[in-house]
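J.: Could you slot chain H onto chain D? The hints should help.
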Amino acid sequence: MTTHNYQIILADDDEDDRIFFKEAMSEAASSVTVKTVSDGIELMNMLSNKLPDAIFLDLNMPFKNGQECLHEIKNNRRYKNIPVVIYSTSSNVDQINSTFQAGANLYISKPDSYLKLKVILKKVFTLKCEEYKPQPEKEKFVLKY
Amino acid sequence: MTLTQNKSDATRSADEAIMPNQLHFHYLPDYANYLLTKKLEEYTRKSLEVSREIEVPLLKFFENMPEEQLMQLSVEGTIEYLNYFVSNRVEEFIDLSLKRWIENQLPLVQSEDIVAQDISTVSFTRRKAFRHFLPDYTTDWQLCNHILEEIDLFILTYEEKSYNTLFNIKQQKINENLYFIEKVNNTLPGIVYVLDIISFKEVYSTSKREEFLGYTNEEIKNLGADVFAALVHPEDYEQRMAHLSNFSSATDGEIRSLEYRVKNKKNGYHWQRVYETVFRRDEAGAPSQIIGITLDINKEKEASQKLQLRELQLSEAQEIAGLGSFEWDLQTQSSLYSDQLLKIFEIDEAKDYLSFLQFVHPADRDRLTAAINAAITGDGRYECEYRYKNKTEKIIWSRGIVTFQDGKPIRMRGTVMDVTERNTILQQLEHTVELHKQAQALTHIGNWSWDIPNNQIDWSDEMYRIYGLEPQSEKIHFERFLSLVHPDDRGRRLDEIQNALQTNKAEDYVIRIVWDNGTIRVLQGKGEVITDEFNKPVKLTGTCQDVTEQYHINQELEQKNIELQRSNEELTSFNYIASHDLQEPLRKIKLFSNRIFEKDFERLSDTAKEFLPRIITSANQMQKLLNDLLAFSRATSAEKIFEKTNLNTLLEEVRNTLKESIEEKNVTISYTKLPDLNLISFQFQQLLENIIGNAIKYSKPGVPVEIKITSKTVTGKNYLNQGAVAGKNYHLLSISDNGIGFDQQYAQKIFELFQRLHNKNEYSGTGIGLAICKKIIQNHNGFITATGEPDKGATFHIFTPLI
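Protein chains in written order, with our numbering: chain D, 32 to 176; chain H, 438 to 1240.
Since the hints were derived computationally from the structure, they do not count as laboratory data.
Note that CB positions come from ideal geometry on N, CA and C, so glycine has one too.
Fair warning: there could be bad hints in the mix.
What the hints assert, rightly or not - Label pairs and their in silico Cβ distance ranges:
{"id": "1", "chain 1": "H", "residue 1": "T1073", "chain 2": "D", "residue 2": "V150", "range": "33 to 41 Å"}
{"id": "2", "chain 1": "H", "residue 1": "L919", "chain 2": "D", "residue 2": "N106", "range": "57 to 65 Å"}
{"id": "3", "chain 1": "H", "residue 1": "S1010", "chain 2": "D", "residue 2": "L82", "range": "31 to 39 Å"}
{"id": "4", "chain 1": "H", "residue 1": "S1010", "chain 2": "D", "residue 2": "E103", "range": "46 to 54 Å"}
{"id": "5", "chain 1": "D", "residue 1": "P165", "chain 2": "H", "residue 2": "Q1215", "range": "40 to 48 Å"}
{"id": "6", "chain 1": "H", "residue 1": "D1180", "chain 2": "D", "residue 2": "P165", "range": "54 to 62 Å"}
{"id": "7", "chain 1": "D", "residue 1": "E103", "chain 2": "H", "residue 2": "D1180", "range": "54 to 62 Å"}
Stated by the list, open to error - Derived lysine-lysine pairs resembling DSS-like cross-links, with alpha carbons at most 25 Å apart:
{"id": "8", "chain 1": "H", "residue 1": "K1061", "chain 2": "D", "residue 2": "K149"}
{"id": "9", "chain 1": "H", "residue 1": "K1211", "chain 2": "D", "residue 2": "K169"}
{"id": "10", "chain 1": "D", "residue 1": "K154", "chain 2": "H", "residue 2": "K1036"}
{"id": "11", "chain 1": "H", "residue 1": "K1025", "chain 2": "D", "residue 2": "K53"}
{"id": "12", "chain 1": "H", "residue 1": "K1145", "chain 2": "D", "residue 2": "K147"}
{"id": "13", "chain 1": "D", "residue 1": "K147", "chain 2": "H", "residue 2": "K1025"}
{"id": "14", "chain 1": "H", "residue 1": "K1025", "chain 2": "D", "residue 2": "K95"}
{"id": "15", "chain 1": "H", "residue 1": "K1102", "chain 2": "H", "residue 2": "K1145"}
{"id": "16", "chain 1": "D", "residue 1": "K175", "chain 2": "H", "residue 2": "K1036"}
Here chain D stands alone, though its shape is the one from the complex (with noise of 0.2 Å):
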């Protein structure tokens, strides 16, 4: 991903999470924008206003969460070439196969520790356009550090 003018969303119920998300890409990569919704619902009503480059999306939310998030998106004929990052705590074989099925572009644990989620975010804004659109093949689905 080119970091020229970025703009993403990071969908996380998780408070803790989305400002070490921020503090980590404002160090990983200081042009892109983040903007942060807390739960599924806020994600698809920011959507309708205007598109982001790319989606960070957290699974285990209230109200709405990221799988269902994840199909309405990949339904949308407006939506679905936004890539969805699947940014979650798990890293369940049921739940990588089916956010893959499902059309999701890219998928990553959530690290347990700052310097690794630097890394990966890194990781994720050197790769190159087909390497994750539309969808990278299954092994390289899941991105490790």
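T.: Chain H in isolation, oriented as in the chain D frame:
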């Protein structure tokens, strides 16, 4: 007959057309007048004389008539005859006389008695009589000539018409005969035919044959002499041919008959009977043609065969049943009897009553005689069971019916039966029934039988008890039975019964019944449909058992199972959620402590510097524990999808996953070519990962890790105490290492959840890994064992069943 008349009419009108008024004579009337007036008697006498001279056949009918009377009759005829000539109405005369002939109005003579000779001789007579008196009448040669010409013309016309009439009458006669024959043929039950026995060709046959044999006369004709070979049954052919050739010796009027089979075009061979007699003989007098009639006796044959069969069957049945029959003429004291009767009584011929009575047991004689007397003097029915001994001791059961005529007993018909054996069996049966009753009471199995046409249900004593009723306290019919069934089960049971009667197959059933006191019992039963010879159900029988207790136990068990399943599911989801949700705060703890560690470590106090890494280690340990728990829970709950898996490929994957530690600890894993197995792939990979991971984890410090993997097929019976099933083959995968090993006494324990053999500080295990392995191998219906020796190493044996 009509036909003939029409024809005669036609002939007549044709004659008139050819010569209209030809018979208008110019000279004859006058000559006739002369004869009538001058020569009447002479002329008549002359005619008679000539008639006799040339023997007119008709005259024989007048033989017995006195001469005088004949003469008078002749004179009357002559007068009439000559008058027609005088009045020149000769044609009218001819027609009139022919009419009389046809209509049979001739005196003494029947129309059909007239023959051709009559016509020619009468003509001759008339001509001669006419001519005889001509010289007396005239000497004019020319007149004479004219008269002769006219006589000739008359004779010609007369003969022609007469012959026509004769032919018509004959034709009519022939037609009548033909009609008669046709009628006879049609009413005859068979075919009449004439057969040339020299050429073996058929000369004549009535038209009925086609309906008889299906072959047209033409087809038969075309077969020619081959007709016998083609149509007669091969088994009868020779006999038929011999029968035909034997006709050479037949006398006239001798009728010979034969039965043989002839092929019917439509439906195979039919039996027929022929009656044949000689029809024609050749010059030498030998029969050349025979006439015959053939009758289809198929039905007769079948009936007689059936009768024979019946008789045979009856006698067989009597023999099987040990049944003899008799017919005793009470007037003459003679009797008819079946062979079987003699056998039963062990005698060679029927005896009179008194000598028969000698064989009857003395104690039974009076009773027997009384029974017979009672039948003869009473209602005619006789039945008696008595002991009999000739060669062997027997019990005879005899029954009979007396026929009365005008109140007098005529005869008694009846049967005798040797029931010695039956009585023994009956006694045994009674014994068996008693045993059966006791057995039913013990096992509480009742049996029932529903006689469908009579709607009567037979219940054993136990059935009544099952239904809470006093044994045999009431008659059971279908409606009563239904009323005992629990209202909620009635419709279903009715459907099941109807279904059984439709398919002739009764399924096992379970119903609830309600006792009179309101107790609800559960019954389980089996049924069977009994059908008659038309495959129509006539009986439904079965057994039945009160299974209320078992039913409740089963229901409880089912309930428990459901509960167990639910609690298992709850546990699984609890495991999953707990592990998953516990991860979240733990990750935060790690995240924040790492953040401090990475960013602000230098600024911490010394104590904080010491404790922070401990917090991080503990958090890591806990995360590992949670991950293992998650894996264990997944091993329990995940779907078990078996697929053909290559073990080599699987090991490569494991090697890949454990790459870092393999490199770090200098591990060599050696294995040969391994087989394909039917496995839950990802679980088996996890299993290998855990075991190989353990081998690496529990290695001796400083010693390069060597892991050896071998594979073979073993039979289950050698591993029965480890959990194998006898008769099954297993694939055994052994993984051994050179690590720290373990004491063999812990060989079972290491597979239990949270069981650890080492201090946490020495080796970082959660105590879940091998429990997961055990779970996984259980999912594969296999088993896992371990052998170990401290400081030497451990070997894990993984058994998976082969299909």
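J.: State for each hint whether it applies.
T.: Taking the hints in turn, this is what the structure says about them:
1. H:T1073 - D:V150: 33 to 41 Å: At roughly 35 Å between Cβ atoms, D:V150 and H:T1073 fall inside 33 to 41 Å, so the hint holds.
2. H:L919 - D:N106: 57 to 65 Å: 59 Å, holds
3. H:S1010 - D:L82: 31 to 39 Å: 38 Å, holds
4. H:S1010 - D:E103: 46 to 54 Å: With Cβ atoms ~26 Å apart, the hint is violated.
5. D:P165 - H:Q1215: 40 to 48 Å: Taking Cβ atoms as reference, D:P165 and H:Q1215 lie about 42 Å apart, which means the hint holds.
6. H:D1180 - D:P165: 54 to 62 Å: For H:D1180 and D:P165 the Cβ distance comes to about 57 Å; the hint holds.
7. D:E103 - H:D1180: 54 to 62 Å: 59 Å, holds
8. H:K1061 - D:K149: 23 Å, holds
9. H:K1211 - D:K169: 30 Å, violated
10. D:K154 - H:K1036: Answer holds: D:K154 to H:K1036 is near 21 Å, not above 25 Å.
11. H:K1025 - D:K53: 16 Å, holds
12. H:K1145 - D:K147: Violated, at roughly 37 Å.
13. D:K147 - H:K1025: Given pair D:K147, H:K1025 holds - Cα atoms ~14 Å apart, limit 25 Å.
14. H:K1025 - D:K95: 23 Å, holds
15. H:K1102 - H:K1145: 16 Å, holds
16. D:K175 - H:K1036: Distance ~23 Å between D:K175 and H:K1036 Cα, so the pair holds.
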